[in-house]
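A.B. asks: Next come the chains, spelled out residue by residue.
4 protein chains.
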Amino acid sequence: MSWNTFGRVFRFTTWGESHGPALGVVVDGCPPGIELSEADIQPFLDARKPGQSKYTTQRREADEVRILSGVFEGKTTGTPISLMIENTDQRSKDYSEVAKAYRPGHADYTYDAKYGFRDYRGGGRSSARETAARVAAGAIARKVIPEVEITAWVEQIGEVPLLYSRFDKAEIRNNPFFCPDAETVTRWEQLVDNARKSGSSLGAMVTCWAEGVPAGWGAPIYAKLDSELAAAMMTINATKGVEIGDGFAAVQNTGEGNADPMRPGADGSVEFKANHAGGIAGGISTGQPVTCRVAFKPTSSILTPVDTVTRDGEATEISTKGRHDPCVGIRGVPVVEAMMALVLADQKLLHRAQCG
Amino acid sequence: MSWNTFGRVFRFTTWGESHGPALGVVVDGCPPGIELSEADIQPFLDARKPGQSKYTTQRREADEVRILSGVFEGKTTGTPISLMIENTDQRSKDYSEVAKAYRPGHADYTYDAKYGFRDYRGGGRSSARETAARVAAGAIARKVIPEVEITAWVEQIGEVPLLYSRFDKAEIRNNPFFCPDAETVTRWEQLVDNARKSGSSLGAMVTCWAEGVPAGWGAPIYAKLDSELAAAMMTINATKGVEIGDGFAAVQNTGEGNADPMRPGADGSVEFKANHAGGIAGGISTGQPVTCRVAFKPTSSILTPVDTVTRDGEATEISTKGRHDPCVGIRGVPVVEAMMALVLADQKLLHRAQCG
Amino acid sequence: MSWNTFGRVFRFTTWGESHGPALGVVVDGCPPGIELSEADIQPFLDARKPGQSKYTTQRREADEVRILSGVFEGKTTGTPISLMIENTDQRSKDYSEVAKAYRPGHADYTYDAKYGFRDYRGGGRSSARETAARVAAGAIARKVIPEVEITAWVEQIGEVPLLYSRFDKAEIRNNPFFCPDAETVTRWEQLVDNARKSGSSLGAMVTCWAEGVPAGWGAPIYAKLDSELAAAMMTINATKGVEIGDGFAAVQNTGEGNADPMRPGADGSVEFKANHAGGIAGGISTGQPVTCRVAFKPTSSILTPVDTVTRDGEATEISTKGRHDPCVGIRGVPVVEAMMALVLADQKLLHRAQCG
Amino acid sequence: MSWNTFGRVFRFTTWGESHGPALGVVVDGCPPGIELSEADIQPFLDARKPGQSKYTTQRREADEVRILSGVFEGKTTGTPISLMIENTDQRSKDYSEVAKAYRPGHADYTYDAKYGFRDYRGGGRSSARETAARVAAGAIARKVIPEVEITAWVEQIGEVPLLYSRFDKAEIRNNPFFCPDAETVTRWEQLVDNARKSGSSLGAMVTCWAEGVPAGWGAPIYAKLDSELAAAMMTINATKGVEIGDGFAAVQNTGEGNADPMRPGADGSVEFKANHAGGIAGGISTGQPVTCRVAFKPTSSILTPVDTVTRDGEATEISTKGRHDPCVGIRGVPVVEAMMALVLADQKLLHRAQCG
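For the record, the sequence lines run as chains A, B, C and D.
Heads up: the first sequence at position 60 corresponds to 59 in numbering that gives the first Met the number 0, and the numbers run straight through without jumps.
Heads up: the second sequence at position 84 corresponds to 83 in numbering that gives the first Met the number 0, and the numbers run straight through without jumps.
Heads up: the third sequence at position 67 corresponds to 66 in numbering that gives the first Met the number 0, and the numbers run straight through without jumps.
Heads up: the fourth sequence at position 151 corresponds to 150 in numbering that gives the first Met the number 0, and the numbers run straight through without jumps.
With the rest of the complex left out, here is chain A (with noise of 0.2 Å):
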């Protein structure tokens, strides 16, 4: 079965492929009354947007988002909220090589085993390019927990990590590897330059917090906070792993050091001396920041000739020469953010519908 909506209230449904005259998403269950525009989506798009640096796809995109529903008078209406953004740099190359033989590790292969079909212009429905739609909806998202902020980072490119040490907020939309620190940035430069260059590719890991959401977001049993939003990192294209908290580390901790203690805050609130378990405990929000890390592959896409077989079923050998990513997990950054305020707004919604 196709299931291309997600979320449980407040739900979104996507549609569009690569090269086809449009992509859009359909937001149903937003609040009524909601001041909206496309003035409030279009940054996290721009954000987004491919060919503005030479460390990723030189595909030129406006990614223009419109309106076509939900909105009157500028406020939301509580009723369907559809957006719609066109592709217009669908270059019309030669895609003779592509639709002949499968591109291993992309879903070429997997879509035609499944649906007996190919779809080979740029991926069709698998093209990262989709991501656009939950990046529009990802900002209506933000505009219904205003209470919340979300800011996602890149931590590590290939075999170089950030220096957490000089982490600087301010510093993420400074450069195009939304890196935290000006320094990492230039040896990322280096790196993806490299990478480029010689036609390789590399992996990234994004690292996403969420802070100011309440305790008590989040639900038993298959509605855990948690589950949501692995769910949802593992929906981005090239994800591979997704933790929470201190995530894989934990496995090498003790019951003590994996502790978070609790003593009483201000006003009768709780407070956390650690957050070791990334703001959520037993699948609901503990009221600290909740935090969660997501591994991206290095992109498939590469120069170097990768054995294959063609649609016939012959031995083949491929390469990729069109406008690829370097490092596809760079350009996840404020997919990431999108998809952690869509779990977010579901659950808050959720929260309100049972708990008043």
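Keep in mind the hints are simulated off the structure, nothing from the lab.
Keep in mind the model is a prediction, meaning the values are calculated, not measured.
All C-beta atoms in this analysis are idealised placements derived from N, C-alpha and C, irrespective of residue type, glycine included.
Among the clues, some could well be false.
Keeping only pairs whose Cα atoms sit at most 20 Å apart, straight-line, the calculated PhoX-like set for lysine-lysine is [claimed, not checked]:
id, chain 1, residue 1, chain 2, residue 2
1, D, K320, D, K99
2, C, K196, C, K99
3, B, K99, C, K196
4, D, K99, A, K74
5, D, K53, D, K272
6, C, K320, C, K99
7, B, K74, C, K99
8, D, K196, D, K53
9, A, K142, A, K74
10, D, K74, A, K99
The following label-pair restraints were derived from C-beta to C-beta distances [claimed, not checked]:
id, chain 1, residue 1, chain 2, residue 2, range
11, D, G312, C, D88, 54 to 64 Å
12, C, E210, D, E313, 40 to 50 Å
13, C, L302, D, P145, 38 to 48 Å
14, D, R310, C, G211, 50 to 60 Å
15, C, E313, B, G32, 51 to 61 Å
16, D, E37, B, Q41, 56 to 66 Å
17, C, E63, B, D88, 42 to 52 Å
18, D, E96, A, P175, 53 to 63 Å
19, A, A314, D, P145, 55 to 65 Å
20, D, P145, C, D306, 28 to 38 Å
21, A, P175, B, E313, 42 to 52 Å
22, D, E313, C, E146, 21 to 31 Å
Given the coordinates of chain A, work out where chains B, C and D should sit on it, guided by the hints.
C.D. replies: For chains B, C and D alone, kept in the frame of chain A given last:
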């Protein structure tokens, strides 16, 4: 909102608390005509059962499952299958300390923040005892996908990894650690025993393989097979991370290194020369083994006192003296297998719906 | 696909067959902190219970409900509420005739066509016995909407309608017909008794009112309150029609005649001068009583032999000698009320989710 | 909560308002490999299109549909199909009166009560214009169920029923009333014309048949085929009642009279001697024609002034001078057909999921 149902067309709903009279699951959407009796389910519950060695909790539960509906003359009818397991060892211990203060790392505080309420008897709904119900459901799921063989094992406890060079699948059911190597067992025995004696606890990593999954299961975009697996695994108590295939290691790889080249196989099929991707591309199975790894944090229940607060907001400290697993990840193995089976059964039926 | 769950955020899942060991329901999404015990549920089950007069089936079931989860110290916890009712009077009758041939009007043939299977013991899952589970769930739903008062009654049996001029709500619970007029009762007694004695059966019409529903419940487009009610009522065994407000009579009315004019009410509220619409406009409640009417066909189980075929395709005839309701619509009254409550509870929570 | 999606595995989501720039639908879950172009959809939109005779609203819309995704090289790909229809005749009329006061019978008051908001431009989301989107989706659904032939017609307008003895299916598309008898057309012309001239309006009854539905579609308990149909039909603007088969007439029948006796058919099949049940037993199709009837109220927009209140709570009266259907049920015919197709396509895929 409470959401205790998982699955899209093969759906199950669990219910019950740690210290209530019983717990259970309703499985809806199971195909008709499948032979099913309690004897098909009981072995999986037995594998998960507590109190079988000194390395797990000493709570003793018979965990006897009873089929209450959906089976007639030994076969599934296509209508809901209701399974019930009675709780028999809810020792009438003294809960006064637990009832008063929040246990850090548990859901005590978050449930109270959400529901204004606490079931202090062993964690109530947030107890890992709930997983008995899904292990039972998982046994039914396995019968829906007879073409698939699912195997999980513990890959690491604390800082001590399995020696993979000595991997022996037959060994897994021979020891209380679900460990595929007898020599590693010896090391873990000492490690876990030390933790148990000192009142500490340990994290663990569980790996799961599903062999025999045909190419084509899974669906774009928000029902991707890897997204469903991530959601499923992240609902298990104490999990903090999920990865598919190489997972986080892919971050440090290159496009060439991470490629899974293809070649023609026998009879017009396709073969892969590697499986970095964990058997999933574009959210759809490739026909290779589907592999994932799950990180379990160290049990939060430890003898060492930890700072916390009472429901009235007073500072205090708490230590857990009850019957607890020194390494809760060990007993996660049958649960991880169950969730893999449940996701795959659902995806098989979904695929059949759309693609015939 | 089997789909035994109803509701969007206040959801319930029923299970069980006519002649299995038990039947039950899991209610998920109930708000926490609501006082609930078996004593809140039992009266509704008692009202629906068979064997209470000669006008209904002589099967005698205690229909004792047991709460297995989701309630702690007398209050709902916000986690799934599991209710179970044991079957006690599954008389070991001779099913050989029923097992061999399809009973026309029953689900015998269609279940076999769908599932390749038949549970001939009293209809299995298709038995009206399933409605006990939802009546139990409905009792919980009522506690979620204390502002609403729901009343249903029988409006017509066969060709004999209720004399509305003599409508007396207090009378409804005083007779075995849920009839709001004692004089009509006398007429129906004779009618139903004749049908029972002659082995025939009668249809019935049930009307339901919900008073106290505030304006604003319901949602566009495919979760309209009237659509949800229609779906809910049409799931009840033997129902063949549903109408809201004036329903089919509106076909012969004019726009002027069918209008519900409005005028200013007290305290800035709005009043309506009529309620042709049944309290719903555009799928959303108006604040007036929500009214609907449900048509029940005559019981298919009759003494008169009817032509049918055996599972092997041979012509035969069948007559039903068992314990059956001569007018199954009568016992539909508590079920109609339950479904009204379940829909409204769900819509109340949905409304709260989106509109605060 | 807003909920603008319908269906379980073949799902569609509509969006758009009467006077926004466009409206549309996203169809998800369509099987791959089905030939599809705008030419397959347009005829159904044309049949529903306003402004084609003096008996319907004079709003003139081209209703040209555009496929934006999900189709590649003329065939469905299995990914979401996005359809868009631009609004072209949103006449810039004076809405000041409508904006000020609630039109009785419309969703004006209820939307405001729910959302604190009003889109007064032609009813916004509550306008019957939304049905264009589902008629488009219905055209796709029909291609999923080529074995089924769906036909709907008007059976009654006001007090004037169709003469069934003169039923001629070929006649239905020959007149603006979707009437299967030319003589009845003459009577209805005069009737509707009188209503139009006097500023009044009329109700209508629409009947729909689906022939070729095999036995076995539908599912217990809350996804019964009749329940899904009732929900679907009751979402159509102005509907107030739905019945299956004999529907409300069954109330006055007896068990013998209402029976659909069976006999052996050719080739081991089963035949029925009657179809009182409307082709559904126990919620599952019998293999006979699936039949239902839908009641439409008279259009609420009439010239006769009706008492109402302003948003400020002042008493006033309102009459509708715009371009409205004197009998909105007439244009319900293509919508009823579309909903029948959408329900059946969904149920076909659901059946395939569970029963192979």
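A.B. asks: Need the list of violated hint numbers for this structure, in ascending order.
C.D. replies: 2, 3, 5, 12, 14, 15, 17 and 19
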